[in-house]
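These protein sequence lines are chains A and B, in that order.
So in this note's numbering, the last spot in the first sequence is 378, and the numbers never skip.
So in this note's numbering, the last spot in the second sequence is 526, and the numbers never skip.
Bear in mind the hints are in silico, worked out from the structure with no lab data behind them.
Treat the numbers as computed from the prediction; the structure is a model and nothing was measured.
Certain hints may be false.
Pairs of lysine to aspartate or glutamate, EDC-like flavour, derived with a Cα cap of 16 Å [stated by the list, open to error]: (1) K328/A <-> E202/B; (2) K462/B <-> E330/A; (3) K252/B <-> E202/B; (4) K462/B <-> D254/A; (5) K324/A <-> E202/B.
Negatives, chain A to chain B, calculated, CB over 12 Å [what the hints assert, rightly or not]: (6) C158; (7) D160; (8) E186; (9) Q256; (10) H268; (11) K324.
For each residue, glycine too, the CB sits at the ideal point set by N, CA and C.
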Amino acid sequence: MFLVKVQGLKTYFYKGKGILSKLFGKGLRIVHAVDDISFTIGKGETFGLVGESGCGKTTAGSSLLRLVEPVEGQIFFEGKEVLKMNEREIRKFRQKVQIIFQDPVTCLDPRIIAGEIIAEPFRIHSSKITKREIEDKVIQLLEWVNLSPEDAYKYPHEFSGGQVRRIGLARALALHPKFIVADEPTSGLDVSTAAMILNLMQDLQEKFNLTYLWISHNLNVVKHVCDKIAVMYLGKIVELGKTQDVCGNLLHPYSQALFSAIPTINFKNKRKKIILKGEVPSPINLPIGCRFGSRCKYNMLICSQEEPDLIDMGGGHLVACHLLVKR
Amino acid sequence: MNKKLLEVKNLVVEYRLGTKIMRALDNISFSIKKGEVLGIAGESGCGKSSLGLAIMRLLPRAGKISQGEILFKERNLLRLSETEMNREIRGREIAMIFQNPLHALNPVFTIETQMVDIMRFNLRYQQLNINKKNISLKDRAIELLRETGLADPEERITDYPFQFSGGMKQRVMIAMAFISNPPLLIADEPTTALDVTIEAEILALIINLVNKYKNSVLYISHDLGVISEISDRVMIIYAGKIVEMADSRSLFDDPRHPYTRALLESLPGTKTHKGRLPTIPGCVPPLDKLPKGCSFHPRCPFVEEICKKSTPEFVELAPNHWVACLREGKLGRRTKCF
Numbered sequence: 052m053f054l055v056k057v058q059g060l061k062t063y064f065y066k067g068k069g070i071l072s073k074l075f076g077k078g079l080r081i082v083h084a085v086d087d088i089s090f091t092i093g094k095g096e097t098f099g100l101v102g103e104s105g106c107g108k109t110t111a112g113s114s115l116l117r118l119v120e121p122v123e124g125q126i127f128f129e130g131k132e133v134l135k136m137n138e139r140e141i142r143k144f145r146q147k148v149q150i151i152f153q154d155p156v157t158c159l160d161p162r163i164i165a166g167e168i169i170a171e172p173f174r175i176h177s178s179k180i181t182k183r184e185i186e187d188k189v190i191q192l193l194e195w196v197n198l199s200p201e202d203a204y205k206y207p208h209e210f211s212g213g214q215v216r217r218i219g220l221a222r223a224l225a226l227h228p229k230f231i232v233a234d235e236p237t238s239g240l241d242v243s244t245a246a247m248i249l250n251l252m253q254d255l256q257e258k259f260n261l262t263y264l265w266i267s268h269n270l271n272v273v274k275h276v277c278d279k280i281a282v283m284y285l286g287k288i289v290e291l292g293k294t295q296d297v298c299g300n301l302l303h304p305y306s307q308a309l310f311s312a313i314p315t316i317n318f319k320n321k322r323k324k325i326i327l328k329g330e331v332p333s334p335i336n337l338p339i340g341c342r343f344g345s346r347c348k349y350n351m352l353i354c355s356q357e358e359p360d361l362i363d364m365g366g367g368h369l370v371a372c373h374l375l376v377k378r
Numbered sequence: 189m190n191k192k193l194l195e196v197k198n199l200v201v202e203y204r205l206g207t208k209i210m211r212a213l214d215n216i217s218f219s220i221k222k223g224e225v226l227g228i229a230g231e232s233g234c235g236k237s238s239l240g241l242a243i244m245r246l247l248p249r250a251g252k253i254s255q256g257e258i259l260f261k262e263r264n265l266l267r268l269s270e271t272e273m274n275r276e277i278r279g280r281e282i283a284m285i286f287q288n289p290l291h292a293l294n295p296v297f298t299i300e301t302q303m304v305d306i307m308r309f310n311l312r313y314q315q316l317n318i319n320k321k322n323i324s325l326k327d328r329a330i331e332l333l334r335e336t337g338l339a340d341p342e343e344r345i346t347d348y349p350f351q352f353s354g355g356m357k358q359r360v361m362i363a364m365a366f367i368s369n370p371p372l373l374i375a376d377e378p379t380t381a382l383d384v385t386i387e388a389e390i391l392a393l394i395i396n397l398v399n400k401y402k403n404s405v406l407y408i409s410h411d412l413g414v415i416s417e418i419s420d421r422v423m424i425i426y427a428g429k430i431v432e433m434a435d436s437r438s439l440f441d442d443p444r445h446p447y448t449r450a451l452l453e454s455l456p457g458t459k460t461h462k463g464r465l466p467t468i469p470g471c472v473p474p475l476d477k478l479p480k481g482c483s484f485h486p487r488c489p490f491v492e493e494i495c496k497k498s499t500p501e502f503v504e505l506a507p508n509h510w511v512a513c514l515r516e517g518k519l520g521r522r523t524k525c526f
């Protein structure tokens, strides 16, 4: 059974709607942040979304929660269509779905103590709850993320990087969500702190049967925690499949380059790095044909004419590349 | 080849905060040979960046080098005046690449202005290029940018820093650092803010330049993967002290200090899928409250009574493999985790 199903999701941003652009005649430009992606996430699964910065991972994550309104597509959560929900249903939906934002410090109010930050979801979503009950719940949440009850009276700046993440996690857990979008939960942390957060998130997943959408550019982390991986490039998914299938048998030239670039400490396993030429094209003026074509070493004629579709290479391992189409 | 380019002896750096004095670096000694890449790794707050800044004598006002010597080409940098540092060392003999290229470039000047300015006032550059007087400085700047792999440098050189992406800015920084072809390059986390693919490019670029010009590099990073990719020799720092120093290969294959082991084991991607990662309990102690004895002892899984009392000496356990641990050699070989 799947918990989340995304079909043909498109999220665009419009640049040049303002008065100045109209005056100077720049016209409307469309940023294709997420351009037609589809995937499903099963209950209790961890789904990894990887790619370089600017490929649309974060936008995809926030579109799922309707923090950004998609322009097209369907999102199903527990069988209900999220994009057709009204205000009231959305509030209910957001109790079950939470997000941990990328930058933990900027998403915590610096003038509110940690206990209040964690108590906020209760104030917003459940009206019939006493002060006493909230207090108990906050203490329990702090325990779950391995912080002590005294930490409730500290301000965000008094915590270390790892502790701030724990507070973000406690706040996300407050209303017993079923699905958490974790946007770069370990970036900027030292290795041993990152390992602690990873362990904690896996423990919580087991304890509460959580489902994660894990957005990260750290491929080692994604390889370690995720059941399924989707590689994104310029708003599109280029490769998708079970972690073992994808990591064991990388098929798309972009995924090959991306995974070969991971720095490794293992001397026996040092792979030859595939160095990509050029830069990611602009998501405003998309190239015709395959989006990776201009940087791909296997570039063929068809690549600059037609955009490849995602094709199943067996066992749910989807790849979008003309190289792999049997002719 | 075996001549020491840089030698740091018993360096102590202290920060003064109100009445508190904190030792950021405690008795650091090491040397770098010509053409060698020395990697420095450790958790945040262990003093990696202070070391880079101390060598350039760019420590913030609160920081002071209270002891030690920094010998560069047998000249003590600590005895030079500020003018001499500016004229002869900084950007000439030793160049530095910073973590955030956006903060290191001037936002109101074009790349061309910034590069040409350096060339005009850089004596070392002028000495090196005496026979190229007939080529304009701009053309030479373009040449340097091309060497770092910047796409169409003729066009881009008139751009302002904000018009470049993160990876491109870092390339510009590297091109600037290489203007005078400095014998020593200090790179302080130059790829931390970049994507893996760009990171691989920048690392390849630095390695190429090093192979070509035989520069030495002091590479500071918290990412052990990157350190192992680029370094010939590695130094691990914890709470201001060197805890282990060895050739890259022997350090990563056979780490001897418990801290190094713990760091390597906590890296994801080396163990089995979804398994629990070993972590280091606690965190780096604040510099004004360093524990007695070995500063790692409160977090060390192999701690014994003696570790709490006496400070370990830095000893050569195997040829060129130095470790500061009282229980060195008694830990047994590490069980391979990958």
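So, going through the hints one by one against the coordinates:
Taking the CA atoms of K328/A and E202/B, the gap is near 45 Å; set against the 16 Å cutoff, the hint is violated. Annotation: proposed proximity of K462/B to E330/A is violated, straight-line Cα distance about 33 Å (limit 16 Å). This hinted pair checks out: K252/B and E202/B have alpha carbons roughly 5 Å apart, not beyond 16 Å. A hinted pair counts as satisfied when its Cα atoms are at most 16 Å apart, and K462/B with D254/A qualifies at roughly 11 Å.
Restraint check for K324/A and E202/B: the C-alpha separation of about 41 Å exceeds 16 Å, so the hint is violated. No beta-carbon of chain B comes within 12 Å of the beta-carbon of C158/A; the shortest separation is about 20 Å. With a minimum CB-CB distance of about 24 Å to chain B, D160/A clears the 12 Å threshold, and the non-interface call stands. At roughly 28 Å from the closest C-beta of chain B, the C-beta of E186/A stays outside 12 Å, upholding its exclusion from the interface.
The claim that Q256/A is not at the interface with chain B is violated, since a C-beta of that chain comes within 12 Å of its own (minimum 10 Å). With a cut of 12 Å on Cβ distances, H268/A falls inside the contact zone with chain B, its closest approach being about 6 Å. Under the 12 Å C-beta cut-off, the non-interface status given to K324/A relative to chain B is violated; the minimum distance is some 5 Å.
The structure is inconsistent with the numbered hints 1, 2, 5, 9, 10, 11, although it conforms to all the rest.
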